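Since the structure of chain A is provided, determine the placement of chain B on it from the hints.
These are the residues of each chain, in order.
There are 2 protein chains.
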Amino acid sequence: MATDLAPGGTCAVPIGDHAHVLLAHGGGGRLTNQLIDGLFLPAFGNPSSHAHHDGAHLNLGGARLAFSTDSYVVRPMFFPGGDIGTLAINGTVNDLAMCGARPQFLSVGFVIEEGLPMDSLRRIVSSMQAAALAAGVTIVTGDTKVVDRGKGDGVYVNTAGVGLIEYDGLIAPASVQRGDVVLLSGDIGRHGMAVMAAREGLQFESDIESDCAPLVEPVLELIESGVTIHCLRDLTRGGVASATVEIAESTGLHIRMNEHAIPIREDVRGACEILGFDPLYVANEGRFIAFVPEAEVGRALDILRRCPVSREAVAIGAVLETQGGLVTLKSRIGATRVVDMLSGEQLPRIC
Amino acid sequence: MATDLAPGGTCAVPIGDHAHVLLAHGGGGRLTNQLIDGLFLPAFGNPSSHAHHDGAHLNLGGARLAFSTDSYVVRPMFFPGGDIGTLAINGTVNDLAMCGARPQFLSVGFVIEEGLPMDSLRRIVSSMQAAALAAGVTIVTGDTKVVDRGKGDGVYVNTAGVGLIEYDGLIAPASVQRGDVVLLSGDIGRHGMAVMAAREGLQFESDIESDCAPLVEPVLELIESGVTIHCLRDLTRGGVASATVEIAESTGLHIRMNEHAIPIREDVRGACEILGFDPLYVANEGRFIAFVPEAEVGRALDILRRCPVSREAVAIGAVLETQGGLVTLKSRIGATRVVDMLSGEQLPRIC
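Which chain is which? The protein sequence lines are A and B, in order. Residues in the first sequence are numbered from 1081 upward in steps of one, following this note's numbering. Residues in the second sequence are numbered from 1081 upward in steps of one, following this note's numbering.
If we strip away everything but chain A, and leave its shape as in the complex, we get (with noise of 0.2 Å):
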């Protein structure tokens, strides 16, 4: 998720507590906030663009461009159901799409440790260029930059894209309103899951996969059959948990989610369990929520159901008419939970 640097909802926190950068504040959650709202919105704010968006909607010669990146460090570099390069596309085309964007043009910039086998290198080319081809987008420049072994770890991957925006309206946390229902475009997960059994070489009983995909086609099918949308995010960092507290924050909005409605596949609510993880915080890199109007839940679960990526798509929450700022889950059990952001990531390095 690329991070919208515009003065946000939320008040400016300080940084000071931390004397020296965390992993956590890479992890997409409370700390990486802190970071954003306390040292990049002051210096890089500008009160043109929307806040706390996974891209910048930007007037550029006429044409209404969405703009972002995201640098990749996942480890291990190759995981099932994908590698670093393939994250590298379909992260900033997903990006690229929840702005209401076809994306169009990427560019790639490569930062290597000396001494990554060549082999490697051209792997993760080599799934790059596919990813490229099955998102319909271009890579049209790039950079390389090699840096000491030691100081760096085989290789990250930024990836830079714009894309025309084709939906009439603003598709941003600012759109969310009160009585609008969340989709959820599929099980979640699968990702976090993914990489961390190939990390830490676990054997599930089924093999998970990460669900890395384009959303390209489902975001498009919405807009082209004139559905209102309000709000689109990916669920990468941090999962279904924090993008849902993030709007819910930046719009002051109480957000509430049914736990049984969220599909989660056996093996890996399975996984999660043994290993302690909350799936709503795993992170998700072929998933997205959207809130649009009650009115329109039939017609866009529809659309959204045709789409490969996104056939089991459901609803599983709703915006509130009362004040909150909070996200809160009504359990399996019946019983209500508020939902907060952790602090960094349950798993460092997962994107």
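Hints in this document: simulated from the structure, not taken from any laboratory. Since the model is a prediction, treat every value here as computed from it, not as a measurement. Be a bit skeptical, because a hint or two may be false.
Note that identical chains are pooled: a pair holds if it fits in a single copy or bridges any two copies.
Below are the SDA-like pairs computed for lysine to any residue, each with C-alpha atoms no more than 20 Å apart in a straight line [what the hints assert, rightly or not]:
(1) K1410 - F1357
(2) K1410 - E1301
(3) K1231 - A1278
(4) K1410 - H1334
(5) K1231 - E1280
(6) K1410 - I1383
(7) K1231 - P1197
(8) K1231 - P1156
(9) K1410 - S1206
(10) K1410 - V1394
(11) K1231 - L1102
(12) K1231 - E1193
(13) K1231 - L1103
(14) K1410 - L1422
Just chain B, lined up with the frame of chain A:
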């Protein structure tokens, strides 16, 4: 320098000679070009863009855009005349300017090593803020990742940028013609020697500061004055030698330079001599060359000399009528030698 990923005029070179990535693959010289021609272009290359250029030219929604990216891994992070933050802004700003574009929006991606002092990050961000203001660009989107101790080196910064192309023709190596004159915007070698001195703790008699600066003003002044421009290239990794060789090789033209015409400050020349560096290959971060028709030279130099960053602009060479694909240098004593590209950089991690 970002590299536009399009099929070039050179043959694809096999990269199988090296089973592992070497530091020199990131040096902007021969090995970097082998990586681009042998691995990246075959995978990513697309016929719609322009070969071996600082950025990509795009048509998007009716707008003519330049798009470029670079990662920055310079060591030390802070050096006389700038730091990794100023470099990250000016480097990408200048790549866009070299496409004949007005740089407008930048993204920034940080890969931070756990344990980086928060004050260092704050200082870098503050430099980026000041550099963006000076260059007239807005940082609109960003991303932060943190890697474990020993898997990075303080911080690596990626920037990508978009700008509107303001020149009606195509500013690119493909537009270079026989008879063109090569203009240089000022003295060379300061960035490389400033970083070298800071890295090795050397003291020279006078302080050598990096020339790191935005090149937007002189480029836009040339364009607004209606000067015909065939190609622009900033002289980063590999210096004026690598930049001219790359253009000569990709166009098949013969560029001749006059060594005595190339301005080098005495202290920089002295430092290069002591340390055994050839200033033609030393990186600059605020210098560029322009290929213009001979008839435009007087006017172009007048315009450049009115801009503070290029007030010492001079003509340093010309594109000959003869066949070539090479660069020759007429030395101070009248001898002529062929200028080749180094395998890597004399100074790894210079930008």
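Query raised in the report: What hint numbers does the structure not satisfy?
Result: 2, 6, 9
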